[in-house]
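Q: Take a look at the letters that make up each chain.
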Amino acid sequence: DAKTTQPNSMESNEEEPVHLPCNHSTISGTDYIHWYRQLPSQGPEYVIHGLTSNVNNRMASLAIAEDRKSSTLILHRATLRDAAVYYCILRAVDSNYQLIWGAGTKLIIKP
Amino acid sequence: NAGVMQNPRHLVRRRGQEARLRCSPMKGHSHVYWYRQLPEEGLKFMVYLQKENIIDESGMPKERFSAEFPKEGPSILRIQQVVRGDSAAYFCASSPRSGGGGYTFGSGTRLTVV
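If you read the sequences in order, they're chains W and S.
Per the numbering used here, numbering through the first sequence is continuous, rising by one, with the last residue being 111.
Per the numbering used here, numbering through the second sequence is continuous, rising by one, with the last residue being 114.
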């Protein structure tokens with residue numbers, strides 16, 4: 001599976017938007033882009049996923065570059081409860097059970 | 001719907017003992033995945049099961065580790081003769097089918113080998 005690159009950590013102020021970047025320059029045409037987050041001492045939580053078009057749900061938005069070599073997870077109004085490690089993962093449609101995890105981005109929210 | 005249930009949440013074993021970790025998938029989900037996480041690292045895939053079948057165990061060590069998902073009851077991850085290096089958080093995830101969509105994860109079992 002293709003690899004992803006994320007910053008180790010980011011800081012943001014409470015109630016401001018947060019843009020979490022992810023580079024995946026070796027993405028193939030059948031790879032879906034998934035985002036999960038993990039709060040301390042908890043299991044990962046699904047956030048959002050997409051293939052080519054931008055996606056929105058109640059938790060976040062996913063902006064995918066036109067060449068699909070990068071994507072950005074957008075939290076529109078961060079709260080203290082959004083402090084977590086955010087993982088960007090590629091999931092091949094024909095290898096549809098394994099998720100290959102990197103180290104993720106630790107998001108710190110300042111009150 | 002209680003989601004993916006894992007138990008126990010914490011498990012302490014002495015070196016050489018056996019550890020049994022249980023996972024009940026979400027109602028209606030027939031696909032179960034086990035992952036292991038060491039501190040400050042991402043999750044590592046171990047095994048993928050459907051009811052009564054192991055689909056892919058390529059991430060699971062060949063010795064001492066085994067997994068099952070019987071027709072009735074939870075999925076079990078068994079670690080025999082545990083060693084200190086087995087200390088980690090073990091997460092189970094489930095999905096209704098193998099393609100598309102996200103997984104639902106349990107809260108994990110934190111295994112400590114003393």
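Treat the hints loosely; a few may be bogus.
Unchecked claim - Which stretches of chain S does chain W cover? Using the computed rule of at least three CB atoms under 8 Å from a CB of chain W, they are:
no., segment
1, 12-23
2, 44-56
Stated by the list, open to error - List time: in silico DSSO-like cross-link candidates among lysine-lysine, alpha-carbon distance up to 27 Å:
no., chain 1, residue 1, chain 2, residue 2
3, S, K44, W, K69
4, S, K51, W, K3
5, W, K106, S, K62
6, W, K3, S, K71
7, S, K51, S, K62
To be verified - Covered stretches of chain W (in silico footprint by chain S; criterion: 3 or more residues with CB under 8 Å from a CB of chain S, positions within the stretch not fixed):
no., segment
8, 8-16
9, 70-82
What the hints contain is simulated information worked out from the structure, not anything from laboratory work.
Since this is a predicted model, take the numbers as computed values, not measurements.
Ideal placement from N, C-alpha and C gives every residue a C-beta, glycine not left out.
Q: Is it true that the CA of W:K3 sits at most 27 Å from the CA of S:K71?
A: Violated, because 36 Å separates the two Cα atoms, which is more than 27 Å.
Q: Verify the proposed pairing of S:K51 with W:K3, using a straight-line Cα cut of 27 Å.
A: Cα-Cα ~31 Å, so violated.
Q: Count the residues of the segment 44-56 of chain S whose CB lies closer than 8 Å to any CB of chain W, then report whether that count reaches three.
A: holds (count 5)
Q: Does S:K62 sit within 27 Å of S:K51, going by the straight-line distance between their CA atoms?
A: Measuring from Cα to Cα gives roughly 21 Å; hence the hint holds.
Q: Are 3 or more residues of the segment 8-16 of chain W near chain S, judged by a Cβ distance of less than 8 Å?
A: Since three or more residues must qualify, the claim that chain S covers the segment 8-16 of chain W is violated, with 0 doing so at under 8 Å.
Q: Would the pair S:K44 and W:K69 pass a check requiring their Cα atoms to be no farther apart than 27 Å?
A: Roughly 24 Å between the alpha carbons, so the hint for S:K44 and W:K69 holds.
Q: Straight-line Cα separation of W:K106 and S:K62 no greater than 27 Å?
A: violated, 33 Å
Q: How does the segment 70-82 of chain W fare against chain S when you require at least three residues with a CB closer than 8 Å, holds or violated?
A: Since 0 is below three, the answer is violated.
Q: Residue count check for the segment 12-23 of chain S against chain W: does it reach three with CB-CB under 8 Å?
A: With 0 residues in contact (Cβ-Cβ under 8 Å with chain W), the coverage given for the segment 12-23 of chain S is violated.
In this structure, the hints that do not hold are numbers 1, 4, 5, 6, 8 and 9, in rising order.
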